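Asks: All chains should be built: construct the whole structure from the sequences, respecting the hints.
2 protein chains.
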Amino acid sequence: MSINRHEGLKKPDLRLINKALAMVSGKWRLYIILLLGEQTLRYTQLSELLPGISEKVLAGELKALVALGVMKRKAYAEMPPRVEYKLSKKGRLALPILSQIQDIGQLFN
Amino acid sequence: MSINRHEGLKKPDLRLINKALAMVSGKWRLYIILLLGEQTLRYTQLSELLPGISEKVLAGELKALVALGVMKRKAYAEMPPRVEYKLSKKGRLALPILSQIQDIGQLFN
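Line order of the protein sequences matches chains A and B. Numbers given in our numbering equal positions in the first sequence, counted from 1, plus 1. Numbers given in our numbering equal positions in the second sequence, counted from 1, plus 1.
Among the hints, a few may not be true.
Same chains, same names: a pair is fine if it fits in one copy or spans any two.
What the hints assert, rightly or not - Here are the simulated DSS-like cross-link-like pairs (lysine-lysine), alpha carbons at most 25 Å apart as the crow flies:
| hint | residue 1 | residue 2 |
| --- | --- | --- |
| 1 | Lys20 | Lys73 |
| 2 | Lys12 | Lys28 |
| 3 | Lys75 | Lys57 |
| 4 | Lys73 | Lys87 |
| 5 | Lys91 | Lys73 |
Just so you know, these hints were derived from the structure itself, not from any lab. All values derive from a computational prediction rather than experimental measurement.
Replies: Structure (structure tokens):
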């Protein structure tokens with residue numbers, strides 16, 4: 002049985018799928034990525050833009066997104082300390098696809 | 002602060018994002034959707050194509066995907082009983098975007 006039934010679709014690869022899903026899983030990750038977009042934002046700015054999320058959850062999600070390679074964190078040795086986040090090069094490459102995921106929610110709305 | 006920093010991106014909508022993510026969340030949902038693609042498959046065929054998944058989990062995931070409106074189930078009054086699954090119209094519309102999610106996994110591989 003051939004799986005290549007429509008243009009561009011190869012047999013799905015469970016490992017690659019779950020690697021991608023790790024970046025968007027949970028309630029906040031994709032939202033944080035789309036909110037950041039092409040911007041560089043301080044931790045405090047992100048926190049203000051995400052009023053429904055606890056500091057603990059936000060810090061954990063940012064750490065996970067940095068570990069996954071989607072996002073970069075830069076800390077400046079200033080007083081008061083300044084920490085900035087932006088998408089990594091790969092994160093910016095993935096952004097056009099990631100922003101279309103919301104369109105699927107619209108389609109099923 | 003303007004959020005519209007790159008082409009086509011509006012301020013993300015958490016509700017739409019999570020509606021879309023419900024369709025792909027978990028280890029198997031997106032894999033099942035991509036495997037089905039434009040095909041109509043019997044339950045037994047799906048089960049054979051997904052060797053790593055228990056019958057209980059597969060039945061639950063199919064039920065959830067039907068409830069979400071991504072997939073359609075058709076049962077034929079035959080002996081032995083025949084049950085077929087295919088993507089709904091909306092599911093087929095979402096397919097090009099959904100199949101690109103795997104490309105993100107490739108990018109971060």
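Asks: So, for every hint listed, does it hold in this structure?
Replies: Against the structure, the hints come out as follows:
1. Lys20 to Lys73: Classified as within; 18 Å inside a copy, 27 Å across copies.
2. Lys12 to Lys28: between (28 Å within a copy, 16 Å between copies)
3. Lys75 to Lys57: within (19 Å within a copy, 46 Å between copies)
4. Lys73 to Lys87: within (5 Å within a copy, 41 Å between copies)
5. Lys91 to Lys73: within (10 Å within a copy, 36 Å between copies)
Every hint, counting from the list given before, is met by this structure.
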